[in-house]
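S.K.: Protein chains in written order, with the numbering used here: chain A, 1170 to 1436; chain B, -11 to 203.
Hints listed in this document are in silico derivations from the structure and should not be mistaken for laboratory results.
Ideal Cβ placement from N, Cα and C applies to all residues, glycine included.
Keep in mind that a hint or two might mislead.
Stated by the list, open to error - Label-pair distances were calculated between CB atoms; the ranges are:
{"no.": "1", "chain 1": "B", "residue 1": "T47", "chain 2": "A", "residue 2": "R1184", "range": "21 to 27 Å"}
{"no.": "2", "chain 1": "A", "residue 1": "A1212", "chain 2": "B", "residue 2": "M185", "range": "53 to 59 Å"}
{"no.": "3", "chain 1": "A", "residue 1": "G1379", "chain 2": "B", "residue 2": "G142", "range": "37 to 43 Å"}
{"no.": "4", "chain 1": "A", "residue 1": "A1381", "chain 2": "B", "residue 2": "M185", "range": "17 to 23 Å"}
{"no.": "5", "chain 1": "B", "residue 1": "G142", "chain 2": "A", "residue 2": "G1421", "range": "21 to 27 Å"}
{"no.": "6", "chain 1": "A", "residue 1": "D1368", "chain 2": "B", "residue 2": "T178", "range": "54 to 60 Å"}
{"no.": "7", "chain 1": "B", "residue 1": "T178", "chain 2": "A", "residue 2": "A1206", "range": "18 to 24 Å"}
{"no.": "8", "chain 1": "B", "residue 1": "A139", "chain 2": "A", "residue 2": "R1210", "range": "31 to 37 Å"}
{"no.": "9", "chain 1": "B", "residue 1": "T175", "chain 2": "A", "residue 2": "A1254", "range": "27 to 33 Å"}
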Amino acid sequence: MTDDRASDDRVPDDRAGLTDDDLAAAAEYALGASEGAERARAAHRVAHDAPFRHEVEAWHAWLEPLLDEVADEAPPAHVWRGVEAEIGRADAQASERGRARSAERPGRRASGTRAVPTPAGAMAPWRALALMGLGGAFAGLVLVALVESDLLVAPGAPTPSAPTLVATLTADGASPALARLDESGAITVRIGTLGEGPDTVPQLWLIPEGGAPVSLGLPGEGDALALPADATPAAGATLAVSLEPPGGSPTGAPTGPVVATGTLIEL
Amino acid sequence: MGGRLTSMHGAGVEGQGRGQDELRALLVAVAARDRAAFASLYERTSAKLMGVALRICPTRAEAEEVVQVAYVKVWRSAGSFEHGRASPIAWMAAIARNAAIDRRRAETARGGDHVPLEPSGAVPGGVEVAHDAPSPEDAAVLSSEARRLHACIGELDARHAAAIRHAHLDGLAYAEIGARLGAPENTIKTWVRRSLMRLRECMNRDRNGTEGGDA
Chain A
1170 MTDDRASDDR VPDDRAGLTD DDLAAAAEYA LGASEGAERA RAAHRVAHDA
1220 PFRHEVEAWH AWLEPLLDEV ADEAPPAHVW RGVEAEIGRA DAQASERGRA
1270 RSAERPGRRA SGTRAVPTPA GAMAPWRALA LMGLGGAFAG LVLVALVESD
1320 LLVAPGAPTP SAPTLVATLT ADGASPALAR LDESGAITVR IGTLGEGPDT
1370 VPQLWLIPEG GAPVSLGLPG EGDALALPAD ATPAAGATLA VSLEPPGGSP
1420 TGAPTGPVVA TGTLIEL
Chain B
-11 MGGRLTSMHG AGVEGQGRGQ DELRALLVAV AARDRAAFAS LYERTSAKLM
39 GVALRICPTR AEAEEVVQVA YVKVWRSAGS FEHGRASPIA WMAAIARNAA
89 IDRRRAETAR GGDHVPLEPS GAVPGGVEVA HDAPSPEDAA VLSSEARRLH
139 ACIGELDARH AAAIRHAHLD GLAYAEIGAR LGAPENTIKT WVRRSLMRLR
189 ECMNRDRNGT EGGDA
């Protein structure tokens, strides 16, 4: 070992309270070398001990370039069929209901999308997923994905039938948001922690190309946002987060600083 | 873009970032039970996970089973993926690797004697480190993380680095690595543990070293 341990006030502590044995166990587990009871213990710790899990994940990231030394090979089609069969009929039945609903609606497409419109007054059938955070002081990566709720996955063909729009917003690594498709077909967004301050709330906006911002709502921690019917997410539109007074912008347009933005791109 | 170095991440930092962004978005969608996103995720990553399984599993059929098990696990646990911390493809590859290794260890424990010296159907891991390390002309397309890892591995004794690769890429147990490299199991254990700590120090040193001290 070098003398650096004596002067490690220059090096940020990266051990998170883990002992040398913990570090060794995490490293060996991530490598794949641990065996028997040690391996079982480490697997259990990953599930229940966050600092240990984070150390294991740090190793996954460090060793990731070795994956380039593994030759890719597409698995045969039966593997995918096996996956689909195993993840269960419950999901397939949900797909069936969604498919039946979609089939009843006339088609009207925004440019570059396959939006399926709803009868007047109902929610646009978009599913929005977001990892949100704030820019500026909260550096990090956040994604917003908007996915059409067309669940017409062709049987046996592992290709997506719905375009996925993604925007990358600079932000903190917040907990991911989940989308919910409720029985009426309304899509909601649940957005994780955003770290808003005491006098401001984050407000999420969709800004179509050349258009005016449309509020998508105020995502608080764990809140569900319902996408308004006049929100038409499409590739090229911008998603933005601004900091607004409590209750959101009084004017219907962003009034506070815009702390995160990203352009929607189609995956 | 082509060749073994590009894989899922793309050749450059930009490609890497964009590819990982897409996988992150898909994982969020999968957590929300989006079957189309899951199909897309499979399409983008299954060749890599199959490759991982083929390196470790003794038969092709077993590798296929491992891939299926891995994707079911991805479907079920996508909601627990920690976006701020983990890398999507590394997380998924680890799921596949762990499934493959679990099987391999279980078969060895049952006294299976079918564990071959060369994994079936895959690019052989090779005993010599040189076969696996990127060539100098490839180095230009490596990300900074890849360059750092290869530099740190390069600081290790060649046999120790080979042991690391055998453990990680081939899923070999210590005894199997010992048979391959001609050293006792306990020696391999020592090599691997010491090498991991050196790698950790090296990877952290390169991250912090340029910041220097408070003069």
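S.K.: Of the numbered hints stated earlier in the document, which are not met by this structure?
M.R.: Going through the list in order, the structure violates hints 1, 2, 3, 4, 5 and 9 and respects the others.
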